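**Q** If you want the building blocks of each chain, they are given just below.
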Amino acid sequence: MVKEIERYGIPIVHMATITTISQSVGANRIVPTVAIPYPTGNPNLPLEDEYKLRYSLVERAVNALATAVDEPTQFEG
Amino acid sequence: MRLEQNLIYIKDVVLGDVNKVEDGVLTVDVEGLKAAVMVDDKVKDVKVDIAKPGEKVRIVPVKDVIEPRFRKDGRNGFPGVTTKYEETGNGAVNILKGAAIVTIGDMVGFQEGVIDMWGEGARWTPFSETFNIVVDITPIDGLDPHQHEVVVRLAGLRASTFVGLAAENAAIDETKVFEIGTMAEETAKYPDLPKVLYVQMNIAQGLLHDTFFYGVDLKEIIPTWFHPFEELDNAVISGNCVAACDKITTYQHQNNALTYDLYDQHGKTINFIGNIFSPELTTLDGKFRNCDYCAKLCDQLGADGVIVSEEGYGNPDSDLVMICKRLEKRGIKTALVTDECSGWDGTSQPLTDTAAEAVAVVSSGNVSKVIDLEPADKVLGNLKSAQTLAGGWDGCVEEDGSLKVELNAVIGATSEIGYHYASVKLY
Amino acid sequence: MAKKVLFYLNQFFGGIGGEDKADFEPEFRAELVGPAEAIAKNFGDDLEAVGVIICGDNFFGQKEDEARAFIAQVIDEQQPDIFVAGPAFNAGRYGFACAGACQVANEAGVTCVSGMYEENPGLEHCQSFAWVAQTANAAAQMRKALPLMANLVKKLAAGEEVTPDDDKYFAQGRRECILVEERGSVRAVNMLLARLNDEEFTTELPMPSFDVVEPAAPILDLSKATIALATSGGIVPNGNPDRLQSASAQQWNKYDISSYDQLKGDFYTVHGGFDPVYCNETADRVLPLDALRDMEKAGKIGKVYDFFYATTGTGTAVANARKFGEEIGKELKEAGVDGVLLTST
Amino acid sequence: MLFVEGTFRDVLVKVRDMVHSGHKLVTHPLFASSRMMFSPFRTVIVGKEQDGVSPEECQIAEESIISYDNLTARRKRQPEHDGDYAEMDRLLYLASLEEIEMLNSSHVI
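Chains as they are written, first to last, in the working numbering: chain A, 1 to 77; chain B, 1 to 427; chain C, 1 to 345; chain D, 1 to 109.
Calculated directly from the structure, the hints in this document are not laboratory data. Everything numeric in this text was worked out from a predicted model, so none of it was measured. Heads up, the beta-carbon is just placed ideally off N, CA and C, and yes, glycines get one too. One should not assume that every hint holds.
A short, non-exhaustive set of chain C residues, derived as facing chain B with CB atoms under 8 Å [claimed, not checked]:
| no. | residue |
| --- | --- |
| 1 | L146 |
| 2 | A171 |
| 3 | G173 |
| 4 | R174 |
| 5 | V180 |
| 6 | L193 |
| 7 | T203 |
| 8 | E204 |
Just chain A, with the same shape it has in the complex (with noise of 0.2 Å):
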């Protein structure tokens, strides 16, 4: 999906816990997340940290929009 939609010229993240895949359905921004059943949390934390540590994974997202790429890039923390 990722390719399809980034061909009508609107930028596109990947947010993904194996980015291996990311790459191969050719994303060209990928942010890495955290695990496979909750990409964007941690049950482990307390609500606090995990909203900052989500925060802060779709603020990396949105610099990644805002970020000029020649080749697919992981944006990590």
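Got chain A sorted already, so can you dock chains B, C and D onto it with the hints?
**A** Quick look at chains B, C and D alone, frame taken from chain A:
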């Protein structure tokens, strides 16, 4: 090692009461053949027929194909299986070239494996060109599938050795000499030629999915280095039954096309330093271990280039890609032989190419290609299996009785040791 | 009997006029013009040009149904064996029209030939069934393009084999199983020898030309940007009103979240491929609406798009993924969305 | 032991999903011979959930579905062979168990 193949070219086969070859005509002692197979008290009945190139004969379901041969020394048979273990690959062997034992025996109802001796079907199997002595084996009742498979497997080997007796005193048409010294000797002779190994992957997964080396089940070994002539001289036999198009029959081990063609280049363009088995297991841990070890072995032996052949379709595709990746990573150049499944119309994307390292691949054909088999005058084997052939999908039986089958069902059609001529071209 | 050939040209190559005539209604003419005439010039007795359809590029683009119906009608009347459209070089509208015209002909069982530049957007719409000659990107190279197309017409009409390499057309992607002169083992040995000697060789199972998409340009001003959320993690409103499947979905759904600050409590996952407990406590763990909404409130981004998109599956094995992406992307584009966050489980 | 109601393909999809959620893929999801791929039955061994997800296992699980689809696209069921397929699947499963036993006894797993 030095192996002499004394070839006796067979131009016709007749059934009779003595084993002999006269003017290229092979006579088979039918009662003797039956008796040789019935030494196994688990064999209830044996039927013997002949199928010649061009006859409108269909053989189905084929279990194995074996070349009849004769050795003067003690090991006239398959060492470790029908005779005591002895090293093979040295000495002289008389071969009834152009004749083949074809065994029929249906272990399971869905078995296919067809050889058509004429028409469209014949073009897609190498065994339409051999004079086939078709041995139909019925075992006693009450055997479990494992026992049944062993009975039919051994019966075929014994039949080939018995028919091979005709080669004992036959006039020899041509002698081919194969000679490769130790690796040190050959490397001293050809210091500038690239060292090449042949990695042969073999199905090693259980009933009807096995391969044996000197009688040792390949499931139980780690990849091992062996001399190419051992395989050419009866050390390897097939226990595979349900991968008709891309299994390696015993005949194809005895005449491994890649071994022959690599040997042709030995001393000219390459230094052929041997063969390696890489058993295809079912567990991923087993696959990782074998593929890693196989690549290490190639590296350790100093190979510059490796040809890897697959056997089967499905889980072995993973082994092929793993071996290729590991060899290329070690700087060893590879060429792979595999069949593919690109669907009926050839528009599905086959998978082997998903490894970036697999840059040199020979495709031995599309297993799903559909071909037409005309109605046969005579079916040798099991009519039910013929019906199985016909039952794969709607509309595969035409009004005139001809069948549409996938290459899947045809013996040796997409041989991944490159024994046949199928390929795939992009349009 | 001679095989019949029908041509298709746009208003420009059909001699009607330039951009001002791009609305030209399709016409059938028995007399050939331009590239059609040039290609037909060398036809032997076995080929007969029956005429040319001329259609304005804008007409085809804006009244496609009408244009297609007209082409279908002419094909029905003329009963051609071969349909030749273009060459369109790198002209986008003309390429689309040629591809569309070829689709009509192909559906009628007519063999299609065209000519395009590799980046012509029309190519992917007809490459799989038409024989599209590889041309340069500009009409200045007409003289090189025409013989390629003429060659394809002649060979296809005669039932001769054509190959992408020999006949310079874009491979249709059909892998034909054939018997060749050399057995597989010889081919493998030769291939290895070529590699060892650093000579050229051709693999028989080529790597797919990986369909990479150029990274889209970045968002210049996030504070004005509309950001959409999407997920393959199977997030749906409680009760799964659209019955999204739990694996390898056959559909995608979209849900209005304009009145939500978080997904927690009202959404859950139907994905069958992971333990849903954590997500079902707080669906934002899979699709982070809460965090994105806070960014909107803080003015970091302009707006969270009113809908999110959901399906189930992990991409590669889901044959529908491509179709879903096209459909969703189209909606997003039309809605003026500036960027997308897609989460996968 | 988990029974998947449905076809060989349903088993492959289930295996894929389990591997994505962290189960170890112990045996390859496919058989080694094309004919067995027409079996309506398939037993695949997966392990307990582990900490990480193996990308290589995920890829194998995903590609198995594609290979399976390519091969079986046009086939219809031949129910008369169900018994034989079930028996072969069982015997090959037992052979896999033996293989695991060998790996276990040499502490590979």
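**Q** Which hint numbers doesn't this structure obey?
**A** Hint check: 1 fails alone, others pass.
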